[in-house]
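One letter stands for each residue in the lines below.
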Amino acid sequence: MLRKPTDLTYADVTPKSVYANRRNFLRGAGLAFIGAYVGKRLFDMAASPSVAAGTKLTTIKSPFSTDEKINSFNDVTHYNNFYEFGVDKGDPAKNAQKFVTSPWTVSVSGEVKKSRKFSLDEILKLAPLEERIYRHRCVEGWSIVVPWIGLSFSALANLVEPTPKARFVAFESYYDIGQMPLGRYAGIQLPYVEGLRLDEAMHPLTLLCVGMYGETLPNQDGAPVRLVVPWKYGFKSIKSLVKIRFVKDQPPTTWNMSASQEYGFYSNVNPTVDHPRWSQARERRLPDLFKSHKTLMFNGYGDQVASLYAGMDLRKSY
Amino acid sequence: MPTPLATKLLTSKWTKAVLFLLCVGPLVGIIVPFLRHDIIPDPLEFIQHDTGDWTLRFLVFTLGITPLRQLLHLPELIRFRRMLGLFAFFYACLHFSTYLVFDKIFDIHEIWKDIYKRPFITVGFLAFTLLIPLAITSTAGWIRRLGGRRWRILHRAIYVSAVCGVIHYYWLVKSAVIRPLFYAALVGSLLAWRVGDWLLRRRRTALANAVAPQRAPINVSQ
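Protein chains in written order, with the numbering used here: chain A, 89 to 406; chain B, 52 to 273.
Hints listed in this document are in silico derivations from the structure and should not be mistaken for laboratory results.
We treat Cβ as the ideally placed atom computed from N, Cα and C, and that holds for glycine.
A few of these clues could be false.
[As the list claims (entries may be wrong)] Restricting the straight-line Cα-Cα distance to at most 20 Å, the calculated cross-link-like pairs of lysine to aspartate or glutamate (EDC-like) are: (1) A:Lys177 to B:Glu161; (2) A:Lys177 to B:Asp101; (3) A:Lys177 to A:Asp337.
[Claimed, not checked] Some chain A residues near chain B, calculated using beta-carbon distances under 10 Å: (4) Phe152; (5) Thr154; (6) Asn159; (7) Val164; (8) Gly174; (9) Lys177; (10) Tyr263; (11) Ser367; (12) Gln368; (13) Arg403.
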């Protein structure tokens with residue numbers, strides 16, 4: 089292994105070309121880093137935070153609405169996770185502006201008597217649109233109050249007539265790498281998929297959502313149609329819905345596939361079951377700095393939904 | 052090659068003042084959006100992420116000084132290392148304070164539980180506490196008191212702190228590991244450079260001893 093010292097010359101120790109190249113490389117890397125940073129700042133400044141105005145929707149009131157203070161439209165539209173458009177919570181507002189959501193169809197199939205496709209217009213006419221002011225709790229420990237617009241998912245489900253074999257419902261988001269190039273760096277498998285037990289999906293609180301704040305959904309919040317399941321962590325409320333399948337077995341769900349010890353299939357809001365990396369006992373009601381709110385079991389919807397889980401160990405089925 | 056101008060710039064007393072102002076920049080960048088009443092839906096996350104990012108960046112800047120001094124033949128860069136290191140500690144303090152004040156509301160019991168139970172908090176806390184003795188002993192008086200050799204050994208703790216900081220970030224994100232991996236690559240190459248430099252020096256010393264063994268006693272007696 090060891091060469092005799094006399095075999096070595098100075099050039100053996102530090103080949104000149106390698107030495108010079110390394111210096112150039114480091115200089116170049118430094119410049120590239122600075123350049124990229126300055127470029128990003130300029131880009132951020134240039135990208136205007138304006139939101140395309142939605143179409144007004146006529147709604148009726150819902151007994152399910154909370155009377156808590158609603159978050160501002162700006163907060164809700166500039167702070168959310170939609171990994172297809174970038175992983176920062178400010179990214180969707182910037183990157184979803186050109187997302188094409190028309191024409192749009194949602195296919196419904198699987199264990200149903202009448203599989204079919206729904207256009208967005210057809211969905212809007214399934215039932216009178218309701219405004220539902222729900223608490224929305226993110227698994228990350230923050231919460232907001234949002235005036236969603238939509239109709240109970242059961243209205244759509246009843247039209248396709250699930251067969252007795254249907255025990256779960258699988259949902260899938262739109263995914264097009266051309267429109268969502270940042271999806272490549274999401275770190276989760278896309279298209280995004282979610283699932284509910286049939287009785288959860290059929291519960292009147294489960295909202296097929298087409299708008300918020302009196303208008304159709306902004307692109308970054310899951311336009312043109314999404315799900316809102318208010319007693320579960322936010323990631324269960326799948327955005328930009330294109331496929332619904334009624335199935336026999338529990339379907340795979342995106343975050344559960346990514347880290348099953350952290351995100352269960354049920355993911356009911358539960359202050360007594362911690363996320364492995366943080367406590368779920370309290371939450372920050374945005375824009376609060378402090379975790380001023382105690383997290384409520386089932387996000388405060390226990391009266392309506394607790395019976396769905398009677399006899400289940402929610403520590404195991406988290 | 053360093054030009055006389057570069058050397059003059061680096062040794063000017065104004066350069067240090069300018070650099071100090073630049074280092075304060077990120078803090079201004081955190082405060083100004085609040086003064087301007089910008090849309091900050093989650094102010095705590097904004098402050099926590101920004102202070103965490105800047106702590107890692109200043110650790111990288113600090114670790115970058117030694118390689119840059121040698122590669123660019125600009126030994127004068129050493130003048131800025133302490134300031135950069137202290138700014139890393141400054142942003143780490145802000146970062147830890149947001150956790151202490153806003154997240155845990157000074158609940159020491161809850162904090163101990165967190166450190167014990169949650170690995171990403173454990174390594175983050177370790178990264179922070181390792182910087183405390185380094186900040187304290189960063190003065191000329193402490194270098195004298197400890198002696199250069201012992202001081203240098205103590206200050207190698209920054210390597211561990213930087214690695215722990217990167218792991219803290221990596222374990223924190225839910226799935227998007229690209230940015231933590233970017234910091235990992237930066238810290239990794241800065242540490243790898245040190246290992247390479249150390250091996251090269253060892254080999255040179257061995258070589259010098261082997262070529263001129265008779266000279267060794269004379270060197271030692273110097």
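Evaluation of the provided hints:
1. A:Lys177 to B:Glu161: Given that 20 Å is the threshold and the Cα spacing comes to 27 Å, the pair is violated.
2. A:Lys177 to B:Asp101: 14 Å, holds
3. A:Lys177 to A:Asp337: Given pair lysine 177 of chain A, aspartate 337 of chain A is violated - Cα atoms ~33 Å apart, limit 20 Å.
4. Phe152: Violated - the Cβ of phenylalanine 152 of chain A stays beyond 10 Å from chain B, reaching only about 24 Å at its closest.
5. Thr154: 19 Å, violated
6. Asn159: 8 Å, holds
7. Val164: Hint holds; valine 164 of chain A Cβ to chain B Cβ min 8 Å, cut 10 Å.
8. Gly174: Holds: closest Cβ of chain B sits about 9 Å from glycine 174 of chain A, inside 10 Å.
9. Lys177: OK, holds: lysine 177 of chain A within 10 Å of chain B, min 7 Å.
10. Tyr263: 15 Å, violated
11. Ser367: 8 Å, holds
12. Gln368: This hint is violated: glutamine 368 of chain A lies away from chain B, its Cβ roughly 13 Å from the closest one there, beyond 10 Å.
13. Arg403: 16 Å, violated
Checked against the numbered hints above, the structure breaks hints 1, 3, 4, 5, 10, 12 and 13 and satisfies the rest.
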